[in-house]
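Trainee: Read off the chains here:
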Amino acid sequence: DAGITQSPRHKVTETGTPVTLRCHQTENHRYMYWYRQDPGHGLRLIHYSYGVKDTDKGEVSDGYSVSRSKTEDFLLTLESATSSQTSVYFCAISETGGSYEQYFGPGTRLTVT
Amino acid sequence: TQLLEQSPQFLSIQEGENLTVYCNSSSVFSSLQWYRQEPGEGPVLLVTVVTGGEVKKLKRLTFQFGDARKDSSLHITAAQPGDTGLYLCATVPFNKFYFGSGTKLNVKP
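These protein sequence lines map, in sequence, to chains E and S.
Using the working numbering, you'd call the opening residue of the first sequence number 1 and step up by one each time.
Using the working numbering, you'd call the opening residue of the second sequence number 1 and step up by one each time.
It is possible that some hints are incorrect.
Unchecked claim - Interface residues of chain S toward chain E, partial, derived using beta-carbon atoms under 8 Å:
{"#": "1", "residue": "42"}
{"#": "2", "residue": "43"}
{"#": "3", "residue": "75"}
For the record, the hints were derived by calculation from the structure and aren't laboratory data.
All C-beta atoms, glycine included, are put in the ideal place defined by N, C-alpha and C.
Assemble the whole structure, with the sequences as input and the hints as a guide.
Mentor: Structure, rendered in structure tokens:
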């Protein structure tokens with residue numbers, strides 16, 4: 001299994017509070033991704049990174065920010081959580097971009113009340 | 001509107017039956033991937049198809065990429081309970097992954 005961990009695995013928070021999710025990899029892969037998964041929508045890309053301090057927006061980036069100060073860590077921040085951000089969040093890594101294999105983390109279940 | 005449309009959304013069959021799930025789009029893709037996701041886990045890549053008309057086999061699973069590279073299918077022969085899961089197709093235009101909404105398969109013993 002690829003070395004990807006996500007923390008926390010479960011979180012319940014209140015509307016309006018800031019939340020940061022962490023993705024940590026031990027594979028030294030260049031690309032890292034954040035997705036959210038909701039019923040009926042599959043996985044939707046939020047942001048991705050193609051190197052340290054290099055990030056780009058995905059399909060559903062509004063309300064989210066990311067940072068990557070080290071190769072191994074990719075942080076996803078909800079500045080002011082809303083109920084619509086209740087979801088399961090997955091981090092993924094890949095050695096290169098394009099159609100190469102992504103390896104997914106175990107997911108973080110976030111509930112915003 | 002989703003870039004990739006998967007059908008059916010849900011499929012419940014008995015062990016031993018055959019099935020086909022589909023991934024369709026109006027766009028042409030350079031490649032398409034299929035993933036399987038089990039409950040509580042992240043998706044795992046099954047196959048990548050890159051050539052129009054390409055057929056790839058993975059044990060009892062057969063993947064086909066349409067000649068026009070706009071659609072793909074996954075056929076499972078003699079389904080087993082271990083095949084239960086969510087099957088997702090994905091494509092990667094401009095380094096950004098787009099997934100279909102998936103087909104949820106339940107194989108009953």
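Trainee: Work down the list of hints and note, for each, if the structure agrees.
Mentor: Now the hints, each set against the structure:
1. Interface hint at residue 42 of chain S: satisfied, since its Cβ lies 3 Å from the closest Cβ of chain E, which is below the 8 Å cut-off.
2. Nearest Cβ of chain E to the Cβ of residue 43 of chain S: about 5 Å, under the 8 Å cut. The hint holds.
3. Interface restraint check for residue 75 of chain S: the shortest CB-CB distance to chain E comes to about 21 Å, outside 8 Å, so the restraint is violated.
Checked against the numbered hints above, the structure breaks only hint 3 and satisfies the rest.
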